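Colleague: Chain residues, written in single-letter form:
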Amino acid sequence: DMKVTQMPRYLIKRMGENVLLECGQDMSHETMYWYRQDPGLGLQLIYISYDVDSNSEGDIPKGYRVSRKKREHFSLILDSAKTNQTSVYFCASSPGHSTEVFFGKGTRLTVV
Amino acid sequence: QQKVQQSPESLIVPEGGMASLNCTSSDRNVDYFWWYRQHSGKSPKMLMSIFSNGEKEEGRFTVHLNKASLHTSLHIRDSQPSDSALYLCAASGGNYQLIWGSGTKLIIKP
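These protein sequence lines map, in sequence, to chains F and V. Each residue of the first sequence is one higher than the one before, counting from 1 in our numbering. Each residue of the second sequence is one higher than the one before, counting from 1 in our numbering.
It is worth saying that the hints were derived from the structure and are not from the lab. The structure presented is a predicted model; accordingly, all values stated were derived computationally and were not measured. Note that CB positions come from ideal geometry on N, CA and C, so glycine has one too. Careful: at least some of the hints might be erroneous.
List of simulated lysine-lysine pairs, DSSO-like, C-alpha gap at most 27 Å [to be verified]: (1) F/105 x V/42; (2) V/45 x V/105; (3) F/105 x V/45; (4) V/45 x F/70; (5) V/109 x F/3; (6) V/42 x F/3; (7) V/42 x F/13; (8) V/42 x V/56; (9) V/109 x V/45; (10) V/45 x V/56; (11) F/69 x F/13; (12) V/45 x F/3; (13) F/3 x F/70; (14) V/105 x F/105; (15) F/62 x V/42; (16) V/3 x F/62; (17) F/82 x V/42.
Simulated DEER-style distance windows between Cβ atoms [to be verified]: (18) F/5 x V/54: 36 to 42 Å; (19) V/15 x F/15: 42 to 48 Å; (20) V/77 x F/75: 40 to 46 Å; (21) V/3 x F/2: 27 to 33 Å; (22) F/57 x V/77: 37 to 43 Å.
Take these sequences, add in the hints, and give me the full structure.
Modeller: Set out below in structure tokens:
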């Protein structure tokens, strides 16, 4: 069963704490993404990864960094979380960078 | 300015009615359009895609594309309450990553 798995699903952090969001996919997809979604703003691309250690900034990379050491695993790190990073974060993967995108179930992050 | 514009922002359609959603790209490098559906509290899932001029039908869903105007539309006939969702349009082309619109919130009223 093809899927993108995100952990954790829900997370509450205090301002200034570090946050690690994990994502895995079992489809051997080359391309992986991290998006955040806020009401009325659709999906905003944070980072895109074209393969292991081949990552590029998306539209809103400030305050985030990523790590991809294995093709099936892509992590999003927030160093010193801020309240305006409260959002729903989606990890996604695709066979290429202009093909159907498969999404994980999302992580709802609240920074207080 | 957002490169993919969707309209309307929200739409209320009676059950059994026709829902029509629009999406236009201002980026002439785009040549592939995608429609994703996202139910409340869930993740987006691909509904339909189109890259040729004309229309494509899958069950109650029909997608039109006019490549000259870079406009695509999604039509849902015999709308059901389960069709209530956020509909996201995305465009891609060449080496570009997907460009997303901000979505149309569709509400089907029983």
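Colleague: Under the criterion that the straight-line Cα-Cα distance not exceed 27 Å, is the pair residue 3 of chain F, residue 70 of chain F satisfied?
Modeller: Holds, at roughly 16 Å.
Colleague: Holds or violated: are the alpha carbons of residue 42 of chain V and residue 3 of chain F at most 27 Å from each other?
Modeller: 14 Å, holds
Colleague: Please check whether residue 15 of chain V and residue 15 of chain F have a Cβ separation lying inside 42 to 48 Å.
Modeller: For residue 15 of chain V and residue 15 of chain F the Cβ distance comes to about 45 Å; the hint holds.
Colleague: Quick check on a hinted range of 40 to 46 Å for residue 77 of chain V and residue 75 of chain F, using CB atoms only.
Modeller: For residue 77 of chain V and residue 75 of chain F the Cβ distance comes to about 43 Å; the hint holds.
Colleague: Hey, residue 42 of chain V versus residue 56 of chain V, does the alpha-carbon distance stay inside 27 Å?
Modeller: 26 Å, holds
Colleague: Measure nothing beyond the straight line between the CA atoms of residue 62 of chain F and residue 42 of chain V; if it is 27 Å or shorter, mark the hint as holding.
Modeller: Given pair residue 62 of chain F, residue 42 of chain V holds - Cα atoms ~26 Å apart, limit 27 Å.
Colleague: Within 27 Å, alpha carbon to alpha carbon, are residue 105 of chain F and residue 45 of chain V?
Modeller: Status holds; Cα separation ~10 Å.
Colleague: When you check the alpha-carbon spacing of residue 45 of chain V and residue 3 of chain F, does it fall within 27 Å?
Modeller: Given pair residue 45 of chain V, residue 3 of chain F holds - Cα atoms ~12 Å apart, limit 27 Å.
Colleague: Does residue 105 of chain F lie within 27 Å of residue 105 of chain V when you go C-alpha to C-alpha?
Modeller: Within the cut-off at roughly 19 Å; holds.
Colleague: Quick check: does the Cβ-Cβ distance between residue 3 of chain V and residue 2 of chain F fall within 27 to 33 Å?
Modeller: 29 Å, holds
Colleague: Between residue 105 of chain F and residue 42 of chain V, is the straight-line Cα distance small enough, at 27 Å or below?
Modeller: 6 Å, holds
Colleague: Does the alpha-carbon distance linking residue 42 of chain V and residue 13 of chain F stay inside the 27 Å limit?
Modeller: Distance of about 22 Å is within 27 Å: holds.
The structure shown violates just one earlier hint, number 5.
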